[in-house]
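J.: This is what each chain is made of:
Number of protein chains: 2
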Amino acid sequence: MSQHELSDALTRTASVFRTEPQKARVTLRSDSALQTGFHSQARIRSHQVDIDEPKGIGGTDLGASPVELVLAALGSCQEITYRAFATALGIPLEGVAVSVEGDIDFRGFFAIDENVRPGFGALRVTVNLTTSASQAQIDALVVAVNRHCPVLDMLSKPVPARFETLTSPPSPIHWRP
Amino acid sequence: MSQHELSDALTRTASVFRTEPQKARVTLRSDSALQTGFHSQARIRSHQVDIDEPKGIGGTDLGASPVELVLAALGSCQEITYRAFATALGIPLEGVAVSVEGDIDFRGFFAIDENVRPGFGALRVTVNLTTSASQAQIDALVVAVNRHCPVLDMLSKPVPARFETLTSPPSPIHWRP
Numbered sequence: 182m183s184q185h186e187l188s189d190a191l192t193r194t195a196s197v198f199r200t201e202p203q204k205a206r207v208t209l210r211s212d213s214a215l216q217t218g219f220h221s222q223a224r225i226r227s228h229q230v231d232i233d234e235p236k237g238i239g240g241t242d243l244g245a246s247p248v249e250l251v252l253a254a255l256g257s258c259q260e261i262t263y264r265a266f267a268t269a270l271g272i273p274l275e276g277v278a279v280s281v282e283g284d285i286d287f288r289g290f291f292a293i294d295e296n297v298r299p300g301f302g303a304l305r306v307t308v309n310l311t312t313s314a315s316q317a318q319i320d321a322l323v324v325a326v327n328r329h330c331p332v333l334d335m336l337s338k339p340v341p342a343r344f345e346t347l348t349s350p351p352s353p354i355h356w357r358p
Numbered sequence: 182m183s184q185h186e187l188s189d190a191l192t193r194t195a196s197v198f199r200t201e202p203q204k205a206r207v208t209l210r211s212d213s214a215l216q217t218g219f220h221s222q223a224r225i226r227s228h229q230v231d232i233d234e235p236k237g238i239g240g241t242d243l244g245a246s247p248v249e250l251v252l253a254a255l256g257s258c259q260e261i262t263y264r265a266f267a268t269a270l271g272i273p274l275e276g277v278a279v280s281v282e283g284d285i286d287f288r289g290f291f292a293i294d295e296n297v298r299p300g301f302g303a304l305r306v307t308v309n310l311t312t313s314a315s316q317a318q319i320d321a322l323v324v325a326v327n328r329h330c331p332v333l334d335m336l337s338k339p340v341p342a343r344f345e346t347l348t349s350p351p352s353p354i355h356w357r358p
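Protein chains in written order, with my numbering: chain C, 182 to 358; chain F, 182 to 358.
Honestly, I wouldn't trust all of these hints.
Identical copies carry no separate label here, and so any pair may be met within one copy or between two of them.
Distance condition first, Cα-Cα at most 20 Å in a straight line; then the derived EDC-like pairs of lysine to aspartate or glutamate [claimed, not checked]: (1) Lys204 - Asp189; (2) Lys204 - Asp294; (3) Lys338 - Asp284; (4) Lys236 - Asp189.
Source of the hints: derived by calculation from the structure; they are not laboratory data.
For reference, chain C alone in the conformation it holds in the complex (with noise of 0.2 Å):
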């Protein structure tokens, strides 16, 4: 899809969702399911991803952990972010790339000190852009990003959620004589 295609395409979908705004409203939706030991599969519409721990801690290394995919949802929505914009302000981004390094202390899940958060303490995030834009067009692009980008703002303001927990007998074993 060409600069010119995805401006088009971010125009016409805005327009539908200023006009229709019940058309913004969306559930989006993950099922997975925990395989041997730590593995579990997801399944996302038509796309699955596998997750594990690493080995040092219990896991067979299937796939990333669910701490790092946080690491690489953030950096791709940045990225995505950054496009997004660019392409609607007219800003020149010719590449965008992201590193995202999260400090975590594992006695936070080990409940070995309360005190102690589960998730990431720090988060520093790397923005590599390649652009011929000038500064004060890069400052107005960090800032309108940094402002709507969905992942950093669920990792900066609590998203309230609801627990509903079902539960069902282990399936009987089958004698056969």
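Assemble the complex: chain C is given as a structure, and chain F must be docked to it using the hints.
T.: Below, chain F without anything else, positioned relative to chain C:
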């Protein structure tokens, strides 16, 4: 890995973190780069994840979107935390599968209404446990999991993030004679 081996691995790891807290503090990392359109490729250690937007909003659907990855990260993190705490607490747990739904209003991302947050406004988590545990055991397990699940922690309490923006000019075109 059997339940017994997993239990041993967790006990061993927890014991190391208890006596040598500095070994529990690690930095995890994701490196990603935008490809064509909204398609991003993330590298996490030896793992690669393709991330994209659906076709409806300018993407090419080569992978789950960043916000969908957050749902998958939360679901799998719940599952792994259920298995870890069931193992540690000696509560029988034969299986766990989690569905996560997130409500999003794209007018936030598209900057149509600045009062609408760009991320999920609400999450619904359905936890399906296959277990022969008592209701009291299940209740204790749910409390322990929701207190120690790293991804849930990050969606419930703000994670401080620091940003650095680096810019480089586009490569000059090399003309061949």
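J.: Confirm or reject each hint.
T.: Structure-based check of each hint:
no. : hint            : result
1   : Lys204 - Asp189 : within (18 Å within a copy, 51 Å between copies)
2   : Lys204 - Asp294 : between (46 Å within a copy, 14 Å between copies)
3   : Lys338 - Asp284 : both (19 Å within a copy, 15 Å between copies)
4   : Lys236 - Asp189 : between (46 Å within a copy, 13 Å between copies)
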